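Please build the complete structure, drawing on both the sequences and the hints.
There are 2 protein chains.
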Amino acid sequence: MEINHITKRFVKQLFLKPLDVDVIRDAKRGLIDFIASSHYGKDDTGVKKLLNLAVPGPAKIIGHDRYTTVEQAALINGFMAHALDFDDVHHEFRGHPSAVILPTLFALSDEHTSGRRFLHAYTIGVEALAKLALSLSNVHYEKGWHNTSTIGIIGATIAGAFLKGMNEKDTCRAIGFAATMAGGMRIHFGTETKPLHAGIAAKHAIEALQFAEIGMNVNDNSLEGQIGFLSLYGENTVKKAEAILLDTSTFKWRLSKPGLWFKLYPCCSGSYFGIDAAQRIGELAVSDIEEINITFSNNSDAALVIREPKTGEEGRFSIEYIVSLIFSGRPLTLESFLPEEVDDEIKTYMKKVRRFNNHQAVKKYTLIEVKTTDGNVITVRGVTPKGSPDNPLQTSELEEKLADATTNADAILATIHNIENCTVGSLVKLI
Amino acid sequence: MEINHITKRFVKQLFLKPLDVDVIRDAKRGLIDFIASSHYGKDDTGVKKLLNLAVPGPAKIIGHDRYTTVEQAALINGFMAHALDFDDVHHEFRGHPSAVILPTLFALSDEHTSGRRFLHAYTIGVEALAKLALSLSNVHYEKGWHNTSTIGIIGATIAGAFLKGMNEKDTCRAIGFAATMAGGMRIHFGTETKPLHAGIAAKHAIEALQFAEIGMNVNDNSLEGQIGFLSLYGENTVKKAEAILLDTSTFKWRLSKPGLWFKLYPCCSGSYFGIDAAQRIGELAVSDIEEINITFSNNSDAALVIREPKTGEEGRFSIEYIVSLIFSGRPLTLESFLPEEVDDEIKTYMKKVRRFNNHQAVKKYTLIEVKTTDGNVITVRGVTPKGSPDNPLQTSELEEKLADATTNADAILATIHNIENCTVGSLVKLI
Numbered sequence: 001m002e003i004n005h006i007t008k009r010f011v012k013q014l015f016l017k018p019l020d021v022d023v024i025r026d027a028k029r030g031l032i033d034f035i036a037s038s039h040y041g042k043d044d045t046g047v048k049k050l051l052n053l054a055v056p057g058p059a060k061i062i063g064h065d066r067y068t069t070v071e072q073a074a075l076i077n078g079f080m081a082h083a084l085d086f087d088d089v090h091h092e093f094r095g096h097p098s099a100v101i102l103p104t105l106f107a108l109s110d111e112h113t114s115g116r117r118f119l120h121a122y123t124i125g126v127e128a129l130a131k132l133a134l135s136l137s138n139v140h141y142e143k144g145w146h147n148t149s150t151i152g153i154i155g156a157t158i159a160g161a162f163l164k165g166m167n168e169k170d171t172c173r174a175i176g177f178a179a180t181m182a183g184g185m186r187i188h189f190g191t192e193t194k195p196l197h198a199g200i201a202a203k204h205a206i207e208a209l210q211f212a213e214i215g216m217n218v219n220d221n222s223l224e225g226q227i228g229f230l231s232l233y234g235e236n237t238v239k240k241a242e243a244i245l246l247d248t249s250t251f252k253w254r255l256s257k258p259g260l261w262f263k264l265y266p267c268c269s270g271s272y273f274g275i276d277a278a279q280r281i282g283e284l285a286v287s288d289i290e291e292i293n294i295t296f297s298n299n300s301d302a303a304l305v306i307r308e309p310k311t312g313e314e315g316r317f318s319i320e321y322i323v324s325l326i327f328s329g330r331p332l333t334l335e336s337f338l339p340e341e342v343d344d345e346i347k348t349y350m351k352k353v354r355r356f357n358n359h360q361a362v363k364k365y366t367l368i369e370v371k372t373t374d375g376n377v378i379t380v381r382g383v384t385p386k387g388s389p390d391n392p393l394q395t396s397e398l399e400e401k402l403a404d405a406t407t408n409a410d411a412i413l414a415t416i417h418n419i420e421n422c423t424v425g426s427l428v429k430l431i
Numbered sequence: 001m002e003i004n005h006i007t008k009r010f011v012k013q014l015f016l017k018p019l020d021v022d023v024i025r026d027a028k029r030g031l032i033d034f035i036a037s038s039h040y041g042k043d044d045t046g047v048k049k050l051l052n053l054a055v056p057g058p059a060k061i062i063g064h065d066r067y068t069t070v071e072q073a074a075l076i077n078g079f080m081a082h083a084l085d086f087d088d089v090h091h092e093f094r095g096h097p098s099a100v101i102l103p104t105l106f107a108l109s110d111e112h113t114s115g116r117r118f119l120h121a122y123t124i125g126v127e128a129l130a131k132l133a134l135s136l137s138n139v140h141y142e143k144g145w146h147n148t149s150t151i152g153i154i155g156a157t158i159a160g161a162f163l164k165g166m167n168e169k170d171t172c173r174a175i176g177f178a179a180t181m182a183g184g185m186r187i188h189f190g191t192e193t194k195p196l197h198a199g200i201a202a203k204h205a206i207e208a209l210q211f212a213e214i215g216m217n218v219n220d221n222s223l224e225g226q227i228g229f230l231s232l233y234g235e236n237t238v239k240k241a242e243a244i245l246l247d248t249s250t251f252k253w254r255l256s257k258p259g260l261w262f263k264l265y266p267c268c269s270g271s272y273f274g275i276d277a278a279q280r281i282g283e284l285a286v287s288d289i290e291e292i293n294i295t296f297s298n299n300s301d302a303a304l305v306i307r308e309p310k311t312g313e314e315g316r317f318s319i320e321y322i323v324s325l326i327f328s329g330r331p332l333t334l335e336s337f338l339p340e341e342v343d344d345e346i347k348t349y350m351k352k353v354r355r356f357n358n359h360q361a362v363k364k365y366t367l368i369e370v371k372t373t374d375g376n377v378i379t380v381r382g383v384t385p386k387g388s389p390d391n392p393l394q395t396s397e398l399e400e401k402l403a404d405a406t407t408n409a410d411a412i413l414a415t416i417h418n419i420e421n422c423t424v425g426s427l428v429k430l431i
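Those protein sequence lines, which keep their order, are chains A and B. So the first sequence is numbered by my numbering: it starts at 1 and just counts up by one. So the second sequence is numbered by my numbering: it starts at 1 and just counts up by one.
These aren't lab readings, by the way, just hints derived from the structure by calculation. Nothing here was measured: the structure is a model prediction, and the numbers come from that model. It is possible that some hints are incorrect.
The list treats identical chains as interchangeable, and a pair is accepted whether it falls inside one copy or across any two copies.
Claimed, not checked - With a straight-line Cα cutoff of 27 Å, these simulated DSSO-like cross-link-like pairs (lysine-lysine) come out: (1) K164 with K48; (2) K143 with K239; (3) K257 with K386; (4) K429 with K252; (5) K240 with K351; (6) K240 with K143; (7) K169 with K49; (8) K169 with K8; (9) K17 with K240; (10) K49 with K8; (11) K252 with K364; (12) K169 with K239; (13) K310 with K8.
See below:
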């Protein structure tokens, strides 16, 4: 029986894999980007609403001089990090790892928590959710689930269990609680409930750990079998799903390879291949454009749920809006994605955009074809957008992103660069 | 667009349907049984564990002289009501309605809450979850979801919204949060996590209402469409699911017809048809039995997940154990379902039991065939177990169930029988 205990074998693999210098460096980059994204989102309207729920407690609300309960800190910090869709992405996970894992880990940390163990827990969390997502298959997302939340809760729970020094058995029990609380539907994309999912998953991860700690009985092998998590939420056969989960053929940590994808622009990652293509086309007068045809590979526009945005905020999930910004010479900065009405010039561009999908694509891409009024056709394929693992942001660019978000960047960076020799408490004070 | 707003039409139907005297009477019966079941479960080991999480607050923990936060009260009271599997069932819902709805409603009530409105909210909650379950189809449960939790959270949210006087629009928003937190896997059956699901669903229903109240943006039509709740969690086509949800051909409230199913025995309702059959066969010496063959209609033993129970507690989910109790002349009382080792006599009976399934059955039943050592065959079909809507418990029997559970039964009953003229606060003090 034990030999088929998929959940335990998964946890054992995650916990025993040794850290290396590459992943420590990359985890620090993730930490910088997470704090930057959180500070950009700290005064978001949704954060202000959630602060109504925050009763006093020991855990810091990032960017605020305020402490709340561990559960509410996880909720609010998770929301904040993902509020502007400016936080990191992992393409194997097809979701936002840090916005779920790091709020869980920060909420569980105190002045005694080792910085090195924190980075290690984060690395394990990213590994766990990437492998879980691969195991469930892409169809999980396409059917309507929001991976950041459905899978995120389990990754955050495993990361939290490692941080707390839980043994394998109790970690498997905590996974049981996390799996049975897994939820999150993509139908809410384009509303505040998308970032709220990150917060809910982080909060529920904390609760899963609490249920394990107080000793509630639970099936500790909840991932396995016909009515287990992999089968119920996934689309692979049970056998295939379990094989993918336990595959050890990749040597590197997934936080390093393929690695986290960091954003230069606060909009949905589904638009990034299109941004790459549009930027290479450059500015175009609207009067010169006959039509703009955008082709996505294999439903890679699934997260771009809005075709006719009424506001810049909605435009965050609209390739029509984002491409129109670029062709009209506007910047892809926060100012372009505010809850203000889309202006007439952009509307004129947007009317010319049509979307297509190539379901036979081998590799992910977005192709933009502009037919001009003088009969020319410009065709550019976006394949390696800036920030993606194949065309990564430099650490100095991440540091600039942080410096633009907070006046405290120097102290935060000094602490992060030395975090493996500090406690997490020394960082929490600064953020 | 509005005309196709399935979620809003569903809420409108629920909120506008008038109460009648039958359903008021039946809701009171449900309330008596809920309080009885909760008191039987109040000292369960799991409750003691959960009490570790209870920080002080305004909401009463049933059966304890202790008050905690609204959220934790919902969690603990939900667990408690379902701890012994002694609480009511609704067969269209295929779950335990009161253990989710009533902890939510009690947690939201105070000394100003109208008793009549409370009964009305409860009635609406049961209606909502029965219709949602029919809409998702039986396959939802069979795939591995735990309806008490996955659907229960939405029923409890709608009931809570009505109790609080939320308008239709905000109720639809609250449903959005509930649907996106829906979870609960049957893989945990046979552990404390089964009753914990009732508590988690009640707690998350409270949180869904809070998110709606603080004004978080959300898709308020989350049940509808290809990536909506009915499609993502259900097995019917979207069109069929939506039609079932909005069907108004049944005039009676579902709390009255088919009605709640109350239990005389603290064990899984999946065993009740078998109990009916075994009791009609009566006591049998183990030495006279060659074999015991039990045939269930259409996977109706899905919840009876344990075939070789080690303890009486596990035996709660084992037809093998329960039938052996009856044939050996033991009572189906709490004492038979304790976490104590199964004795040798029962083991000898259990070894003779085999299970079968008839997948072509038209009506639900359990058939027991006993082949005796002298070559006879006794065959009895259980079709209308005591407590089921076709063979209901008398109100006096429910009152006895309560009187066996608490010394305060007289005062509780007097208040419930007059609850439409009282506030819920007057009842909460007593329970």
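To see whether the hints hold, each was checked on the structure:
1. K164 with K48: Cα proximity of K164 and K48: across copies only (23 Å, versus 30 Å in one copy).
2. K143 with K239: Answer is both: 21 Å inside a copy and 17 Å across each meet the 27 Å cutoff.
3. K257 with K386: within (16 Å within a copy, 61 Å between copies)
4. K429 with K252: Answer is neither: 32 Å inside a copy and 60 Å across each miss the 27 Å cutoff.
5. K240 with K351: neither (44 Å within a copy, 35 Å between copies)
6. K240 with K143: This pair counts as both: shortest intra-copy Cα distance 19 Å, inter-copy 18 Å.
7. K169 with K49: between (38 Å within a copy, 18 Å between copies)
8. K169 with K8: Cα proximity of K169 and K8: one copy only (7 Å, versus 45 Å across).
9. K17 with K240: Classified as within; 23 Å inside a copy, 49 Å across copies.
10. K49 with K8: between (40 Å within a copy, 24 Å between copies)
11. K252 with K364: So K252 and K364 pass the 27 Å test inside one copy only (22 Å; across, 54 Å).
12. K169 with K239: within (23 Å within a copy, 44 Å between copies)
13. K310 with K8: between (48 Å within a copy, 23 Å between copies)
Taken one by one, the earlier hints fail for this structure at numbers 4, 5, listed in ascending order.
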